[in-house]
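Visitor: Chains as they are written, first to last, in my numbering: chain A, 1 to 329; chain B, 1 to 305.
Possibly wrong hints are sitting among the right ones.
[Unchecked claim] Simulated crosslink set (EDC-like; lysine to aspartate or glutamate; CA at most 20 Å straight-line):
| hint | chain 1 | residue 1 | chain 2 | residue 2 |
| --- | --- | --- | --- | --- |
| 1 | A | Lys195 | B | Asp101 |
| 2 | A | Lys168 | A | Glu281 |
| 3 | A | Lys168 | A | Glu261 |
| 4 | A | Lys280 | A | Glu125 |
| 5 | B | Lys53 | A | Asp290 |
| 6 | A | Lys319 | A | Glu125 |
| 7 | A | Lys280 | A | Glu261 |
| 8 | A | Lys280 | A | Asp223 |
| 9 | B | Lys53 | A | Glu261 |
| 10 | A | Lys280 | A | Asp220 |
| 11 | B | Lys53 | A | Asp225 |
| 12 | A | Lys280 | A | Asp290 |
To be clear, the hints were calculated from the coordinates, so they are not data collected in a lab.
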Amino acid sequence: MANDRRQRILAIARHEYRAAVRSRILVVLLGILIVTTAGSVVIASAEYASRLADYQAYRAAAVAGGATRIAPSPLAPLSLLRGAFEYIEYIGAVIAITLGYLTVSRERVNRTLPLIMSRPITTGELAAGSLLGAVWVITTLVAATTAVAVLSVGLVGHDWINPGQAGKLLLAFVAAIIYMATFYSLGAFATASSKVATNGLMAALGIWLVVVLVLPQIGDTLDADNQLPGGLFAALGLGHDGEVQILTHFATYETIRTSIEAASFAKHFERFAFAMTDVKERFRTLSLPDLFFQVRFSIVWILLYAGALPIALNRSFRKQPAIPQGETQ
Amino acid sequence: MISTVASQQLLSLRRQRVFLAALGMFVAMTAAAGLLGWSSHNTIVRVYDQAVKLLAANGQPAPPNPFLLKPELSLLSNMVVYVPLLGALLALLLGHLSVADDESTGLGRLIFSRRVSRTEYAMGKIAAAAISLAVILLAAMAVSVASLVVANQTAPTIEVVGRLGLFYGLSWLYLLVFALVGMGTALLSRRRSLALLSAMGAWLVITFTIPQFTSGLRPTASLNPIADPVGTSQRFFQITALARPISIAEQYKTASAQILATAPSEPVLHTVMRVVPVAVVAVVLAAAVMVLVQRHDFSRSSNGE
């Protein structure tokens, strides 16, 4: 029985994968993502190569001069992947929403949903199979993007990542898959909940706009120090201690500001991915457990979103009429 | 006949719930930009008061008044980000709906049974998009003026209103580009979703990809109201920087910062030259839409995904 169930879910997943790969729009969006990511990493790697050469020249001179203490390299090859993760955050989310939209609209337009539902398959299995197929597509996509980025760092930046860094990159890779799978669920949920599929797509893109672009930007704008070019505290002649002292009077304001940022799922993914890929200098020396501790709230938020949306997807599939009603596009 | 097509299109858009929701969202974002500006003003006042107390307690002189360092229109600087993000998507939707709806409702098959030439039809559609955008931006400008009055507690000067007018004029031109992209993709593709997503792909390329290549701006940097291009010490950027004039998202942001006086000033001619590429792209796209309307097969309704 469980085996039959697994077979049905896998059949739907394979169908989802094949259909996604054949979609022209998805291929175009994927092309934009890979070209932009590669461009971003290649540009960063070219600059990195020259800085790495400078450091190696310094190191060789120091060794030749008999220096006993040589400054460690301040360079972090993983940080060159920042552009790749930013593009997954922005364009990857749009691709995932599109994938979710196509999952529902394809069956409606082709009138294949009644056919699928005439087979001994539950809506739960349909939702699970679709999500599994989408996760395969997303994994292929993120793997291709990451491979291009890592090769660019090695070939252009002349620095290959070590096994420890590869482990952290793998964690960021998994987070990217969860992030995109959540947006996939949003796209499918919004489309399945809408009589006119295009309206569902527009609603999902509206949520993407607010969550990915608007909320983080508002949170950043409200930062007290960002009120003046060059920093408000610097303009007032205050150092870090003065800033900390003054901000104690802004506890409620800071709570509101951080809550706005916390509402953005994208911001949590960004914080986690940046912590894993050494983007923030203060995180570079931390061990993995310490890193997890630093981004613990982001991990919880990511898991909450990732749990809630597939549940909503399952419910919307259950409520969706097997025979399409009204306009299908 | 152009005015008939345009007025029919405006009436149709007014009845569109999706369009009205998007319009409401844009006006709300303008109000949010004003609210953020007001919040910024308050924050500076409160931080300044606290800084005066702190420095006095340490026996130090009061710091300089930070409002002398803050440009008057900087409280609206978020609009320079919202227009290319939210406004451009709204414009895409507007352009898309104006063509795609005629296909899905079958109007496209009927309209040419009347004495309407394809050129008149295309010009009517473009005029309707231009008028809709102008109405939206006038509403946004009114909200911006109200925000300035609330934040500064005084009526804005004529110069400030003039600068706002120029900024919204430039924004109108910029958004027209995206409305034309929405129309063009809807004319190129029979599938409605493919058309909408292709238009969105074009938006992603213009807003994020091109600034990345010409100026090394990552997506997060593209969300900053001030465009801060990377230096041209690298050979790559020495070459790609030559293409900066055609990066209309960067040109729009830089010209807007000049108009709103939120960035170090440059000669007026330089700002005018930044507007030229946006205008050229708009004219080229309008011509492309005219050609596409001539060639489009309106006898087939759109279907598919």
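Visitor: Indicate, hint by hint, whether the structure satisfies it.
Guide: Verification of the supplied hints:
1. A:Lys195 with B:Asp101: 16 Å, holds
2. A:Lys168 with A:Glu281: 15 Å, holds
3. A:Lys168 with A:Glu261: 24 Å, violated
4. A:Lys280 with A:Glu125: 42 Å, violated
5. B:Lys53 with A:Asp290: 38 Å, violated
6. A:Lys319 with A:Glu125: 14 Å, holds
7. A:Lys280 with A:Glu261: 18 Å, holds
8. A:Lys280 with A:Asp223: Holds - the C-alpha atoms of aspartate 223 of chain A and lysine 280 of chain A are around 18 Å apart, at most 20 Å.
9. B:Lys53 with A:Glu261: Violated, because 30 Å separates the two Cα atoms, which is more than 20 Å.
10. A:Lys280 with A:Asp220: 17 Å, holds
11. B:Lys53 with A:Asp225: It holds: about 18 Å lies between the C-alpha atoms, which stays within 20 Å.
12. A:Lys280 with A:Asp290: Judged against 20 Å, a Cα distance of about 14 Å means the pair holds.
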